[in-house]
Each structure stands twice: as structure tokens, then as C-alpha cells.
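Novice: Start from the sequences, fold in the hints, and give me the full structure.
Listed below are the residues making up each chain.
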Amino acid sequence: MPTARILRNTLITALVIAAFAVSYRVTEADFPRLFLDLPKGKELLTAFLTPDVFTREVETRTVSLVFPIPCGSAPTEESLPSEGPRLVPSVLCAEPLEKFTLEGYDLQPNSEVVIRWRLPDGRTMTAIRTQTDANGYFTYEVQARPIQSTVDGVASRLEVDTLTPVGELKPSQALKDVLDNMFVTIFMALLSTTLATVIAAPLSFFAASNITRKGCLGTTVYYLFRSFFNLMRSYDPLVMATVFGFWLSFGPFPGFLALTVVTIASLGKLFSEAVENIDPGPVEALQATGAPPLHTVRYGVVPQVVPDFISYIIYHWDINVRISTIIGFVGGGGIGYYLNLSINDFKWHQAGTAIWAIVIVVWAMDFLSSDIRKRLT
Amino acid sequence: MLKIQNLSKTYPNGTQALKNVSFDVQDGEFLVVIGLSGSGKSTLLRCINRLIEPTEGKIIWDNVDITAAPPAELRHIRRKIGMVFQQFNLVKRSSVMTNVLSGRLGYVNPWTSLLGIWSQEDRQRAIQALDRVGIADKAHSRADALSGGQQQRVGIARALMQDPKLILADEPVASLDPVLSHSILQYLEQLNKEGITVICSLHFLDLVHRYATRVVALKDGVKVFEGSAKEIDRAKFKEIYGEEAQEVRAASL
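Protein chains in written order, with the working numbering: chain A, 1 to 377; chain Z, 1001 to 1253.
Mixed in with the good hints, there may be bad ones.
Quick list of in silico lysine-lysine cross-link-like pairs, DSS-like style, CA-CA up to 27 angstroms [to be verified]:
#	chain 1	residue 1	chain 2	residue 2
1	A	214	Z	1080
2	Z	1003	Z	1219
3	Z	1003	A	269
4	A	214	Z	1058
5	A	40	A	347
6	Z	1238	Z	1219
Each pair of labels, with its calculated beta carbon distance range [what the hints assert, rightly or not]:
#	chain 1	residue 1	chain 2	residue 2	range
7	A	277	Z	1014	25 to 35 angstroms
8	Z	1119	A	179	45 to 55 angstroms
9	A	372	Z	1117	23 to 33 angstroms
10	Z	1186	A	277	54 to 64 angstroms
If you're looking for bench data, these hints aren't it; they were derived computationally from the structure. Note that CB positions come from ideal geometry on N, CA and C, so glycine has one too.
Specialist: Put into C-alpha cells, the structure is as follows:
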């Protein structure tokens, strides 16, 4: 029936095209924007690529001068120094909203400069940050604002701080926080993997068909445990973490619990499959000696599955470090939580530190686990 | 005395592995079961210690009906029946010592043995068993570090730990280099001379002639011959193995 087949194939093709068209629309895919919005992304990427890792002690030196607004409201500087670190405005006073040029001479070379106003009441207003050149010179256009006006004959002052890094490089606060949180994550993953192993390892034998699936009772037990593992596995760690988070208020503990539950299910299934894949010969031999069933498992099955079990445990620790990062985003504590906070506070460099730490740890864990697993076989 | 009465086994997939097989085994015999692959030799041996549940028939050993024994009693009976396998069935990753000791699991305190603790007496017994098969020096090697012949000797040592009255040997030399066949069978022969009944399935007729005190032949699950090895002439041979069969000898050592 060629007509029927052509009709059927056309229909299937049309359905497939329709499905993709719908998916394209619901995801609001707009690939050109990837390039049009490149500048925004670039800023982010640059920040991520320059993580906040080290700081240095900063020496601050301040020079200042009186700057009355408007002119005549207070005495101006009588004379400007002609040498040493000094500020030279293009005018000695200004009307509100007037713009003038401020130059600095012989300041610390290649240093960050903070230009600010010290108001008559002592408060400060940072105007701008800039940078001195190799000769300690900078120039910047400043606007006089009404708020900076003279009050009761006391004029505002223009102050300039030069910030010079001195001394050794030190780990920054962000780096310390990232390391602390990374430890939380790694050990959260370690503890949840351990607890999950302790629970899943014995239970997995019940879900192995070659151990339990004998007789009516055994078959029931087998299906019970198998569906228990499958059911638990079908919940995503994120969903689990959210549930435990609402139950126990957010923090590392609910994250740890969520991870444990998911790991029990996953390890339980992997373990039971390892048990099912053993060589049945030794079990048969032990049954033939008249050994009790539990001993048949202890001497015939356990030695065969130990390398597989260890391999899966290490693999899962590796996975759990990754998952617990994500769980952190929903309040599970650790590095993910820190990353989430940094991003919400627009602290991109700090976020960059966290991202780099995650990349390094995940890479190291992956390398370590595959290396150990290779040695086991 | 072991009495096999009207034994039949039909697997769940419908294969009839044994059809109404009956014969007796006197204490102290070296009974060899022969037949083509798939003729039911393994099934027969495994029905005797009920690693495979027979469908019909009875197996009576020293007036005890093995086929009717409840689980606890069955384990008790199995302790006295050693078994040696074609594939050795050792736990490859465990030490030779642990493999041999595990033959004792039907006797020892269940709690301590579960923890892997063994009495000095049992360890001594294991070393003696290994010594009997000539590999006491391998006690602390991993089982899979041994050659096939050595692994089968560990298998025999494990059976010896049971202090057996009967040994079932399922193709004990079929996985070995033919030149090693005698070295293994001689150990079984030695045990047989010390009073242990041996029921052994074999492929090579020259080995049958050399070791068997009596022979049972199976073809498609039916017993087609019972008697001494000498009675197997050319006609009987063709009857057991089929028209196309040619006699092959294990290395004539």
C-alpha cells in the first residue's frame, strides 16, 4: 500500500515539524540576541574571568583644597603649591552646575584615585574614581553641585585619596569565603554519600533478583525494594532540597538530607545491579556446602561486588559535589548558596571566584574518582 | 547407599533434562556418568544435592529422603556431600584460605563466621586440606592468581573441609588442559579409596576406563547404560554418543 505509506510518512513529518515549531516558539528562541547583546555578556564574562582572589594592603594618601561654591561665599585657597603632591583646579571657585577641570600632580604613580567632596557638615560624597599615570598625574572634569555649596561661610573641600597597594599579596575575603563554602559542599557530599551507602548497601541485596526473587515472598520483597528505589530516584535532587528546605528551613542540613535520599535510591539501584551481575558459580558452590543463606551472600556475593560498590561510591561522591552546588542555589548551603548570593548582589568578581573554585574541584574530583576506579579493576 | 528412583526434571521452559532415571550407588563406589553435552549429567548431579529441584522421583541416601527434606535438614544433608565443579566456582577475589574455609560454613558458629572469624582448629584443618592436594604454600594467594589445575585442587580442598561421605564432581577436568586431567582425578581416586563415594561426570572414555568402578550413561535425559566400563564396546559407544561420534582420548599419559 504505497499511498497509505506516503500518507503516513507525510503525516509523521508534518507532526515532527509542528513539534519543533512549537518548541521554538515556547522557548522564545532568539539566537541573534546572543550576538546583539554581546557587550552585556562580555562585561559579565570579563568579571568571571578575573575572579577576586588576592588583595594587598593599601596605603591611602590624601590631598585636599578648599573649593567655595558659589564664588565669594567663602575664601578660596590663597595660593596653590607648585611642587609636591598637589591638586590644581582650573578655577578656584565655581557656580553651582559649573564644570571645571581638576588636575593632580606628583601623586603616587599608577595608583587608584578617589575624588570626593567633604561637605561643610563633615559628610563625604565620592565623586569619581580614576587612575594616576606613571608620573602621578591625573585630570578629570568635575561638576560643582548645589549640595556642595558653602554653608554659614564654611566651604566644601575637594579631597583626593591615592590608594597605593603595598606589601605582599594576601588571599582576599572572597577567596576565604569561597574556600570555607567549598569545604561545606565537599563534606556535605561526603557525608551524604557515606550515609546513603550505609543504608543502600544492605537494602540493595533485597532488590537483586538473584538473591531474593525466589518463591512468592521473595518476589514480593524484590519488587517492593526495586520500586522503592525507582520511586525515590524519580525525584530530582532540586525538588527534594526544596521540600526539605521548607520543612527544616534552608541551610546545609536539608541540602544534605535531599542529597542522601537521592543517593540512596541511585546507589541502591547501581548496587543491586552489581549484585545481579555476579558470577553465580561461587554462590552455587557455597549452597552445596550446606552454608546458611546469609553466609552464602557474605562469602559468595560480597567479595565479588566490593570493587564495584567502591567504584560506585566514589563516582557518587563526585556527582554529589556537583549536585550539592546546584542544591546550594535553592538554599542548601555551601558553595552554591554563596554563588547565588554573589550573583544576587551583582558581585561578579566574587561570583567568578566561586565559579572557578567549582570548576577546579569538579575537575579534581572527576580526575581522582576515575583514577581510583581504574585502579580497582 | 544412594538410591535414585524414577528421577525426572522438566525445566520451566519445557526442556526435559531427565526422564525417569533410576539407579543405585553403593558406598565406596567411583561412579562415572557419561553422555553428550546436554544429556542431563549436570542436572542429575545437581538433583542429588538439590541445587536443582527434581520434578518427580525420589533420592534416598542412607534411608533419608533428600527430595523431601525441609530447608534446614537439607543444609544438614548437604554438609556431607562435597561438590567439585567444572568452572571450579571459587570466589576469585578471595584468598585460597577463605575459599577453603568457606567449605566449613555448614558446621561453624554462624555469628563468628559471618564476621570472618575462624577458629585455629578450622584454619589448621584448611591447611591440612590444602596440603593433601599439594598447594598449602598457596594458602594466602588470591584464588585467581592460581592456574586452572591449582584452582580445581582448591575446589577439592573446599569439599574436603565438609568432611564429606559423598563427592559430586561435575566435569571436574573439562575446563583443564587434558594433560592435567589425571592429576585431578588421582586426588578423587585417593579420596575414594579412603571411603568417600564419588559420583563424577566425565567426557573422555579413556579416563572413564581408568577411574570408574561403574558407569551410568545418559542420552537425552534417559539412562541408556549401566555397568562396568569394560562393557562399553563399539556398539554401545555409538548408542550413547550417536553415529557420528569418534572416540577421542585425553592425553595418553
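Novice: All hints are to be evaluated individually against the structure, with a verdict given for each.
Specialist: Cross-check of the supplied hints:
no.	hint	verdict
1	A/214 <-> Z/1080	25 angstroms, holds
2	Z/1003 <-> Z/1219	20 angstroms, holds
3	Z/1003 <-> A/269	45 angstroms, violated
4	A/214 <-> Z/1058	23 angstroms, holds
5	A/40 <-> A/347	15 angstroms, holds
6	Z/1238 <-> Z/1219	11 angstroms, holds
7	A/277 <-> Z/1014: 25 to 35 angstroms	27 angstroms, holds
8	Z/1119 <-> A/179: 45 to 55 angstroms	52 angstroms, holds
9	A/372 <-> Z/1117: 23 to 33 angstroms	29 angstroms, holds
10	Z/1186 <-> A/277: 54 to 64 angstroms	36 angstroms, violated
In this structure, the earlier hints numbered 3, 10 are contradicted, and the remaining ones agree with it.
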